[in-house]
Amino acid sequence: MSKNEEKGNGEEKGRFFIGDLDTAAEMAKNALLKGTIGKMVDWANAFSLWPVHLMTSCCGCEIGAAWGPRFDNERYGSLPWVSPRQTNLIIVEGTVTKKMACSVRITWDQMPYPKFAIAMGACSLDGGIFYNSYNIVRPWQVIPIDVYIPGCPPRPEAVSRAIVELQKLLRNKSIAANWIKEAKREDMKNIIPKEDLCGWRGEKVDLNTRFT
Amino acid sequence: MVGEVKKLISIQDLLKNVLKDNVISIEQNKGYLDVLVPTEKLVESAKKLKDSGFDHVKSVTAIDYIAKKQFKITYHISSYLNEELSKYIIGLSTIINRDNPHLPSLSRIWVSAEFQEREVYEFFGITFDDHPDLRLLLLTPVIAALKPLRKDYVVKEESDDIEVDYVAYNTNKWW
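Protein chains in written order, with this note's numbering: chain A, 1 to 212; chain B, 1 to 175.
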């Protein structure tokens, strides 16, 4: 209300404003997410973890098996999807090269909140067979990771286990509702900035462009 | 086995007939032939080999002889159309100096050599003269400047401590 009064000039003085729609929606969201609805959001998020289709390395084959008919991760309400705009989970499959790190970060920035990340394979923990190499980064230097899966490569069952662990994390700690409210993650501070990751491109990457 | 060796010898004779004076030496090992030619006659011998039926390059690679201060560049060539030649992969090699390394490009003769030469260029820092499009292919500019596949490039030992890594990544231009 007060915002609009400041904005309005003398001619609009007599009219009655309901309020700025955006601020009203923001206030309503914050009020609603505190109570039981927040818990419901967590429950709903736990059973709709859609990973984006981003294959960085060889563990992607195991991902294919994990969502296939034999291991069937779709029974946890999870479905691999192609577009980062409609997904809320990144599974970093294996090693990330310095050139690919830029793509991982851009994909992460394009996803809406709340969003989560799983790092898969020995390469994502400490480098694996590419340890001490000149052209790799660890995924935890690029995006904040919630769950790690060890193994080279991990079995599809291990991927299912990671999904279940992430569901537990979501429902016990009630983080999804929190991150919707703040639209940011606190654990982003130790991560390499985007300008460094994408510096080799020599071009400005505008992440705020929306594809309508 | 004996037949194969005979065929290999016949191909060796063919190479000698085609290239004549250009050949410095022919090395033969387990079904593989490596022809060493001088750098000035590389383009000429490549043209002759293409006319005799070798129609594509399978790979281009460089070997760093750091003690002799030399690079050995090898083009692995073979054939799709000629049935007799398609069973073998022939190496066409040349030796160049290690400081200021450059040699004529063969991508005008064999088009399939173009991307491979770009890869050699960024990993070894070897320049191919009159290459149509000599840009970086796989590496970022900072890594390519290190010439990572040369023998004198040493990777820095990483620490086990994550905090130390953070400091290192924050201070250096790491990409």
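Everything labelled a hint here was simulated from the structure, so no lab data went into it.
Mixed in with the good hints, there may be bad ones.
As a list, the in silico SDA-like pairs of lysine to any residue whose alpha-carbon atoms are at most 20 angstroms apart [said to hold, decoys possible]:
#, chain 1, residue 1, chain 2, residue 2
1, B, 147, A, 133
2, B, 156, A, 134
3, A, 99, B, 115
4, B, 147, A, 135
5, B, 147, A, 164
6, B, 147, A, 132
7, B, 151, A, 130
Computed far set for chain A versus chain B, every beta-carbon distance over 12 angstroms [said to hold, decoys possible]:
#, residue
8, 24
9, 98
10, 146
11, 169
For each residue, glycine too, the CB sits at the ideal point set by N, CA and C.
Structure-based check of all given hints:
At most 20 angstroms may separate the alpha-carbon atoms for a hinted pair to count; residue 147(B) and residue 133(A) meet this at roughly 13 angstroms. Distance check on the hinted pair: residue 156(B) and residue 134(A) sit about 8 angstroms apart at the alpha-carbon level, within 20 angstroms; holds. Between the alpha carbons of residue 99(A) and residue 115(B) the distance comes to roughly 18 angstroms, so the proposed pair stays at or under 20 angstroms and holds. For a cut-off of 20 angstroms, the pair hint linking residue 147(B) to residue 135(A) stands: about 12 angstroms separates their Cα positions.
The hinted pair formed by residue 147(B) and residue 164(A) fails the criterion: a straight-line CA distance of about 44 angstroms is larger than 20 angstroms. For the hint linking residue 147(B) to residue 132(A), the alpha-carbon distance of about 16 angstroms falls within 20 angstroms, and the restraint holds. Distance check on the hinted pair: residue 151(B) and residue 130(A) sit about 18 angstroms apart at the alpha-carbon level, within 20 angstroms; holds. Every beta carbon of chain B lies more than 12 angstroms from that of residue 24(A), the smallest distance being close to 42 angstroms; the non-interface claim holds.
A Cβ of chain B approaches the Cβ of residue 98(A) within 12 angstroms, the least distance being about 5 angstroms, so the stated non-interface status is violated. The Cβ of residue 146(A) lies farther than 12 angstroms from every Cβ of chain B, with a closest approach of about 17 angstroms, so its non-interface assignment holds. With a least CB separation of 21 angstroms from chain B, residue 169(A) remains clear of the 12 angstroms interface cut-off, as annotated.
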